[in-house]
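J.: Each chain is listed here by its residues.
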Amino acid sequence: MGEPGTKEVLNLDELQASTGFRTGRKHILSLLVENTPGVLARISGLFARRGFNIDSLAVGPTDDDSISRITLTVDGANHPIDQVTKQLHKLVNVIKIRDLEPEESVARELALFKISADGDSRGQIMEYTDIFRGRIVDVSKRSMTVEVTGADDKIEAFERAIRPFGLIEMVRTGEVAVSRGRSTT
Amino acid sequence: MECLKAEGVEHVFGIPGGANLPTYDALYDAGVRHIQCRHEQGAGHAAEGYAKASGRVGVALATSGPGATNLVTPIADAMMDSVPTVFITGQVRTDLLGTDGFQEADVTGITMPVVKHSIMIQDPLQIPEAIHEAFHIARTGRPGPVLVDIPQDLSRADIPYEPVDSVNLPGYQPTTEGNTKQIRLAAKALANSRRPVIYAGGGVINADASKELVELCESDRFPVTCTLMGLGGFPAPHKQWLGMLGMHGTRAANYAMDEADLIVCVGARFDDRITGKLSEFAPRAKFIHIDIDPAEISKNVPAHIPIVGDAKNILPKLTAEYRALETDGSRLDGWSERIHGWQEKYPLGYEDSDDSEIKPQFMVEALYEATGGDAILTSDVGQHQMWAAQYFHFKGPRRWINSGGLGTMGFGLPSAMGAKVARPDDQVVCLAGDGSVIMNIQELATCVTENIPVKTFIMNNGYLGMVRQWQELFWDGRYSSVDMGSSPDWVKLAEAFGAKGMRLEDKGELLDGMKSALAEDGPVVVDVRVTPEENCYPMIPAGQAARDMVG
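So the sequence lines, in the order shown, correspond to chains A and B. Counting from 42, one number per residue, gives the positions in the first sequence under the working numbering. Counting from 70, one number per residue, gives the positions in the second sequence under the working numbering.
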């Protein structure tokens, strides 16, 4: 870029539109919001009326009482992410938004699986639980409940592994994430 | 009340009720003029008209429940058109909240999608800060409506008033300056463009940047078009003026957009009434988009050079950068010629009657002449609004007040009332349709009682004209529920309200009749009988491209 007044030629054809693209991948948005009533309603209402889908959503406190953290995942194949974040930014109670790059962040989710387990299958389920570094948190005569933590692909892999035994029910927290390195998310 | 005075509020519009009795008790001797409206919707639109005419924040008050829900339309309207407004509603006592108490409605919940921000008071000590924040948010950045909902018991609490002079809103930091590198790049793009168009919207008026816009446009022969909301942002009688663009815009403006190689959008948002078919909108153009709201940039049309900030700051910098490039203006010769060709070939026009019948376009032209073009004009929504936009030439900003985004029928009369309160020395005229004026006709009583002398001219064609036009053109002439049937006798109606009523039916008497109506001291309603089935042209049918203009 030249100084003011320089007569550089700028070919208009070379100008590129910079935004509005669909990235085609999953995005994890980490939001800091004011801990006031109605914040979650404002965010979910915004997604609903703009036609954005939330894949998962996790809300929790931060080290500061007046601020909460919301982590949500959005599919960048269906929505222009910059439009999603810009609309979120317009909410007065939203303080900060970070779109966490997959390579530069660590994401985890916790899931509980209640699996039919009578006799024979019990050992196999325990084996899978070991492989996925899960934990058995409840056992009854005809079922076992397993806790698994990891990124969402690991949770999904475990689900596929144990489904043949009979999955009674499953609960997932939604992903939470933090950036890698010393800097704050 | 002290809080309102601290914000410089001199006028508020509203209606009292059970839940806002404490506020009204404070109003009794507060020294703020309260205009007691006849319907909360009227109060809300009056606050909008007040804000649009003056640039100051408009304030409307309503009680809980139905009072508050009646404000929903004005709130949504103010959101769509970015009008700085604060709405203060009463709410039931805190111990009744959530119990379906008498006149309880979750107004913060109902209005959540249509407010810039809303605050539900939970502690009386919070009120001064909340009111201050509400005004700050309403008037800064991209302006908009802010709702403050105050439960009755909290608003009657006696709290010590301490002035609040700062806001602490970490999540609300509008960008106003504009990135210098981007501005420089934009100047270069302008210097290299051969077919530029400046496309300005209501943001220019909100930013009070009309003068700056004119300077940019005059730094070379840049042709200018404005959106419906931007009219007056660029003075209409000007050799670079193309007229309004969009669905009922001029051919010159729409064709210029279609062939442009560079479009500079200032404070506009590429609404569907502007772009028509998005995939065929300005296919050859690159876009510079200047807007204070980053979410508007690349929302509908991807921007090549986005500049986020206040037009009042950015336009002078862009003009200076452009002038410094000392570009050869002759590169625009061909473009100017082509545009003038369109202007000569396709001027706005209509076939006048050869008898005494008043054509609606003729009526607007007569109104322009009768007012000397200096009045503040408000309108409802429909054909008359489009004809006003086409034939009433706005010489400056804040003279054209209408509902663009939401398209609220019945907006004209109450907003005229608000505008007249804000600018008592100006002539304020409401151009209404016979279908829409009746939606808020009750405010005529407010005008009479509060002595607000607005002049209402009803363009009476006996139809919901714009709907009729669409049914004629696109629905095989099957006129479904558009005939107004036996409308009231508008003259008698005006007189019943205590206003003056007049009727004008003859082309020859129209101008003098209008002048005498304008010369009256009090509020006047003039029933002007126009051609019943006149269509508003030119027109881009919905979802089509500029090239498909008809009429």
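Among the hints, a few may not be true.
[Unchecked claim] Taking lysine-lysine pairs in the DSS-like style, the calculated list, with each CA pair at most 25 Å apart, reads:
(1) B:428 to B:414
(2) B:576 to B:428
(3) A:182 to A:131
(4) A:127 to B:381
(5) B:561 to B:280
(6) B:428 to B:280
(7) B:428 to A:131
(8) A:127 to B:428
(9) B:250 to B:280
[Unchecked claim] What the simulated footprint calls covered on chain A by chain B, stretch by stretch (three residues with Cβ under 8 Å from a Cβ of chain B suffice, anywhere in the stretch; the number is not a length):
(10) 75-86
(11) 132-140
No lab work stands behind these hints: they were computed from the structure. By construction, the Cβ of each residue, glycine as well, lies at the ideal position given by its N, Cα and C atoms.
J.: When I compare C-beta atoms, does the region 132-140 of chain A have three or more residues closer than 8 Å to chain B?
T.: That given contact holds, which follows from 6 residues of the region 132-140 of chain A lying within Cβ reach (below 8 Å) of chain B.
J.: Taking only the CA atoms, is the gap from residue 127 of chain A to residue 428 of chain B under or equal to 25 Å?
T.: Violated. Residue 127 of chain A to residue 428 of chain B sits at ~47 Å, over the 25 Å cutoff.
J.: Is the straight-line distance between the alpha-carbon of residue 428 of chain B and that of residue 280 of chain B 25 Å or less?
T.: 35 Å, violated
J.: Between the alpha carbons of residue 561 of chain B and residue 280 of chain B, is the straight-line distance 25 Å or under?
T.: This hinted pair is violated, its Cα atoms lying about 45 Å apart.
J.: Are 3 or more residues of the region 75-86 of chain A near chain B, judged by a Cβ distance of less than 8 Å?
T.: holds (count 6)
J.: Does residue 182 of chain A pair with residue 131 of chain A here, judged by a C-alpha cut-off of 25 Å?
T.: Not satisfied, since the Cα-Cα distance of roughly 53 Å exceeds 25 Å.
J.: Need the status of pair residue 127 of chain A, residue 381 of chain B: alpha-carbon distance at most 25 Å?
T.: 22 Å, holds
J.: If you draw a straight line from the CA of residue 428 of chain B to the CA of residue 414 of chain B, is it 25 Å or shorter?
T.: Between residue 428 of chain B and residue 414 of chain B the Cα gap is close to 22 Å, so the pair holds against 25 Å.
J.: Taking only the CA atoms, is the gap from residue 576 of chain B to residue 428 of chain B under or equal to 25 Å?
T.: It holds: about 8 Å lies between the C-alpha atoms, which stays within 25 Å.
J.: Taken at face value, is the distance from the CA of residue 280 of chain B to the CA of residue 250 of chain B at most 25 Å?
T.: 23 Å, holds
J.: Holds or violated: are the alpha carbons of residue 428 of chain B and residue 131 of chain A at most 25 Å from each other?
T.: 46 Å, violated
The structure does not agree with the numbered hints 3, 5, 6, 7, 8 stated previously, though it agrees with the rest.
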